[in-house]
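Trainee: Residues per chain are reported as follows:
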Amino acid sequence: MGVEAATIGNFARSREELLAQVPELDRFQTGHLRHIENIARQLPNDWANMGTQLSWQENFEAFRYQLAYMAYAVALTHFHRLPAAPGYFRQTFDDLIQKMLLPDVWYFWRETSRGGGEVNKDAPISPGQVNPIDRDNIMYSAYLQSMSALYNVLFDDDKYTKPGALTMKFNPFLFRTDQCEDFAYDQNSINEHLYWRMVESGYLGIACEPFCTFQICQQPAILGFRLNDVLNGTDRATEVTEGFAAAWKEFGQFDEQGHYTTFVKTSTGEVQPNQSGAWSDGWLGTLLNMWSPDLVKGHYPEGIRKWVKDLPDGTSFVPPYVPEGAEGADVSAGSSVDFGWCCTWASEVGDQELLSRFLGYADKYLSPKWKDGGYYYPRNDKFVDEDGNAITVSPQAGNALLPYARLNVPDGLNKLYNAPWGPAHFAEPLITEISDTVDVTRARWLPEPRSLVFSLARREGREGEVALVIANVFTQDGGSWHLNAGEAEIASGTAAVVTAVSSGIRIERVGHDLHVAMPIAGKSDFILQWQS
Amino acid sequence: MTPVVDPALSLTDHFGKAVRFADFRGQYLLVFFGFTHCKVVCPRTLGKLSEALDRLGPQSAALQPLYVSVDPERDTPEVMRAFLEARYPRFLGLTGSAEQIAHAKAAFRVFAERKVNPDDPGDYDMPHTALVYLLDREGNYLLHLAPHLDVDAVVTRLGKTIQTQTDSE
Numbered sequence: 001m002g003v004e005a006a007t008i009g010n011f012a013r014s015r016e017e018l019l020a021q022v023p024e025l026d027r028f029q030t031g032h033l034r035h036i037e038n039i040a041r042q043l044p045n046d047w048a049n050m051g052t053q054l055s056w057q058e059n060f061e062a063f064r065y066q067l068a069y070m071a072y073a074v075a076l077t078h079f080h081r082l083p084a085a086p087g088y089f090r091q092t093f094d095d096l097i098q099k100m101l102l103p104d105v106w107y108f109w110r111e112t113s114r115g116g117g118e119v120n121k122d123a124p125i126s127p128g129q130v131n132p133i134d135r136d137n138i139m140y141s142a143y144l145q146s147m148s149a150l151y152n153v154l155f156d157d158d159k160y161t162k163p164g165a166l167t168m169k170f171n172p173f174l175f176r177t178d179q180c181e182d183f184a185y186d187q188n189s190i191n192e193h194l195y196w197r198m199v200e201s202g203y204l205g206i207a208c209e210p211f212c213t214f215q216i217c218q219q220p221a222i223l224g225f226r227l228n229d230v231l232n233g234t235d236r237a238t239e240v241t242e243g244f245a246a247a248w249k250e251f252g253q254f255d256e257q258g259h260y261t262t263f264v265k266t267s268t269g270e271v272q273p274n275q276s277g278a279w280s281d282g283w284l285g286t287l288l289n290m291w292s293p294d295l296v297k298g299h300y301p302e303g304i305r306k307w308v309k310d311l312p313d314g315t316s317f318v319p320p321y322v323p324e325g326a327e328g329a330d331v332s333a334g335s336s337v338d339f340g341w342c343c344t345w346a347s348e349v350g351d352q353e354l355l356s357r358f359l360g361y362a363d364k365y366l367s368p369k370w371k372d373g374g375y376y377y378p379r380n381d382k383f384v385d386e387d388g389n390a391i392t393v394s395p396q397a398g399n400a401l402l403p404y405a406r407l408n409v410p411d412g413l414n415k416l417y418n419a420p421w422g423p424a425h426f427a428e429p430l431i432t433e434i435s436d437t438v439d440v441t442r443a444r445w446l447p448e449p450r451s452l453v454f455s456l457a458r459r460e461g462r463e464g465e466v467a468l469v470i471a472n473v474f475t476q477d478g479g480s481w482h483l484n485a486g487e488a489e490i491a492s493g494t495a496a497v498v499t500a501v502s503s504g505i506r507i508e509r510v511g512h513d514l515h516v517a518m519p520i521a522g523k524s525d526f527i528l529q530w531q532s
Numbered sequence: 001m002t003p004v005v006d007p008a009l010s011l012t013d014h015f016g017k018a019v020r021f022a023d024f025r026g027q028y029l030l031v032f033f034g035f036t037h038c039k040v041v042c043p044r045t046l047g048k049l050s051e052a053l054d055r056l057g058p059q060s061a062a063l064q065p066l067y068v069s070v071d072p073e074r075d076t077p078e079v080m081r082a083f084l085e086a087r088y089p090r091f092l093g094l095t096g097s098a099e100q101i102a103h104a105k106a107a108f109r110v111f112a113e114r115k116v117n118p119d120d121p122g123d124y125d126m127p128h129t130a131l132v133y134l135l136d137r138e139g140n141y142l143l144h145l146a147p148h149l150d151v152d153a154v155v156t157r158l159g160k161t162i163q164t165q166t167d168s169e
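Keeping their order, the protein sequence lines are chains A and Z. Counting in this note's numbering, the first sequence runs from 1 upward without gaps. Counting in this note's numbering, the second sequence runs from 1 upward without gaps.
Worth flagging that the hints you see were computed from the coordinates, not collected in a lab. A few of these clues could be false.
Stated by the list, open to error - Here are the computed distance ranges between Cβ atoms for each label pair:
#1 A:Ala184 - Z:Val151: 55 to 61 Å
#2 Z:Val4 - A:Glu181: 43 to 49 Å
#3 A:Lys169 - Z:Asp123: 50 to 56 Å
#4 Z:Asp123 - A:Asn232: 38 to 44 Å
#5 A:Asn232 - Z:Thr166: 23 to 29 Å
Claimed, not checked - Below, a list of computed lysine-lysine pairs in the BS3-like style, where the Cα atoms sit at most 30 Å apart:
#6 Z:Lys17 - A:Lys249
#7 Z:Lys39 - Z:Lys105
#8 A:Lys265 - Z:Lys115
Ideal Cβ placement from N, Cα and C applies to all residues, glycine included.
All chains should be modelled from the sequences, with the hints used to inform the complete structure.
Mentor: What follows is the structure in structure tokens.
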């Protein structure tokens, strides 16, 4: 701490006991968050570190997937690990939503909407359309829907419900300027649109590319339905999940090999078994656990073992799917997200042992990198190294999936789906704003004894003091409070009075919030505790 | 977006009379799509709605329950009349040409698809949307009821909605 200690805090429970109740992020988890924040802060259309192996935003590493699963990783971390620090995440989450609205992310739909895909060449071709929400394309629209709902639920901010708050602008500057068009939606209108599309489909689901309805791609929409239900007092998620289960029973949720079936060709009624690797099982297993955990956990032990290779060094990995004709030097034609989705799958079902082996493999063989405080696995198009180890990394795995897996907790998405925050959470003391000079490594409100426990770590190379706002301090029931940094009390107060005990701290009441500014060096643990 | 029903949308009732949705103005409409050969969803839903209407008491007088066929090939007016009068007499059946039914399905965003019955290749089923729609006295969508709602919940939601609407009239 850079502040001068004045008095020793007076806590009902020892500082060590309180800190032990609130696990701290490790440096790799903090590094992943920082990497996601670094990407989120990039200027519009700066896609550094996100460049994809395939052009046309076609494959499972496309920007929309990277942005969405980085956002989901942030959501899970905030919800489970740092629930009292919305200010640490909010801007990042919002920036990711804003990037989803950029044409580089969604304009692929003008071509993809025509149909004629590799997997259903026999299906009809259409003129296509630019609007990425109107028809099919659940592989984009459901992410925008669920991300905006998550933002509302996690940050108690309904700004995306305002008309036009989610507008995709087709606005080229020089060419086709006579065809400019805004596609104006908002959190509720997208949710309504997808819901009724789901009804019209008989709950089988909404197609991604024309005539291809994937099991997995309905799950983000179901998350969005559920969160909007919580916000709007509806119960569409129950209806949709019951309908989905019934509709897929007809085609079978599993293929003859025991894998999740991948998609239904709605032009022919054929169901597509899993023919292209572990990604399909891992992805669906990760998300389906939200509302069908018994099915997922019943399938998981045998299901994941079909894919995993254990190494003598105590690590494990999933060999990437190698498309026909791409064997050898690279997998540039493949998705190479198999390993990443198996990592998230293990994290969600709570297979900590395998997750640890997976992350051990990633840290040892996938050339992780620290950059601007962020920790990630850079894209690597090579298939194997000179020793024969699989080393391919897609940006989706390196930026989003491996961080997601390391930041998730067992049943993380399931718990977020089933018991999202309500008004009681937003009445607790929360760090609603914090300067970017520090990382937050711990932040949780303990109702008994009434304590906000948080830890801050100075970011290397970031100068200046840390300023933070702790909301709801002056809406708590009476009694005095004390703010300690380490073992030293740095401020105290009551409902009426605020006193800085240390000389280096500036502190004031603004409405119901406590504003704090202070120098900080290294890492420090803070406890704000009330004495009734 | 929510269903929008064209008042000019025309069908044939189970007495064989041509009707338009505009003809029902002044009454709340409780609309359910199905087919008389349905073995599970329709009997369950029509039974549940009939009980709910009984329990609504005087409020049900303002409601016209409609059962719209998604299987016009088999559901002639005569077939629908016999089916409904015997088992669900509160309902008025509506059927029509394939084109008319397609328009009705599109307006209510209803899914229905002909499938061969696996137990009898000469027969077919029509898996269909099991939502129940409530329209106001002008034919505007008010709400829909999901299939998992039990009869208590249906009574509560219909009763409250009609009361609120009546109070604001």
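Trainee: Looking only at beta-carbon atoms, does the pair lysine 169 of chain A, aspartate 123 of chain Z fall within the given range of 50 to 56 Å?
Mentor: 52 Å Cβ-Cβ, so the 50 to 56 Å window holds.
Trainee: Quick one: are alanine 184 of chain A and valine 151 of chain Z within 55 to 61 Å, going by C-beta?
Mentor: violated, 41 Å
Trainee: Holds or violated: 23 to 29 Å for the Cβ distance of asparagine 232 of chain A and threonine 166 of chain Z?
Mentor: Given about 24 Å between the Cβ atoms, the range holds.
Trainee: Quick one, are lysine 39 of chain Z and lysine 105 of chain Z close enough, alpha carbons at most 30 Å?
Mentor: holds, 20 Å
Trainee: Tell me if the straight-line CA distance from lysine 265 of chain A to lysine 115 of chain Z falls inside 30 Å.
Mentor: Holds, because 16 Å separates the two Cα atoms, which is no more than 30 Å.
Trainee: Given the hint of 43 to 49 Å, check if valine 4 of chain Z and glutamate 181 of chain A actually sit that far apart at their C-beta atoms.
Mentor: violated, 23 Å
Trainee: Kindly confirm whether 38 to 44 Å is satisfied by the beta carbon distance between aspartate 123 of chain Z and asparagine 232 of chain A.
Mentor: Given a distance of about 41 Å, which is inside 38 to 44 Å, the answer is holds.
Trainee: Assess, step by step, whether the Cα of lysine 17 of chain Z is no farther than 30 Å from the Cα of lysine 249 of chain A, and give holds or violated.
Mentor: Cα-Cα ~40 Å, so violated.
The structure shown violates the earlier hints numbered 1, 2, 6.
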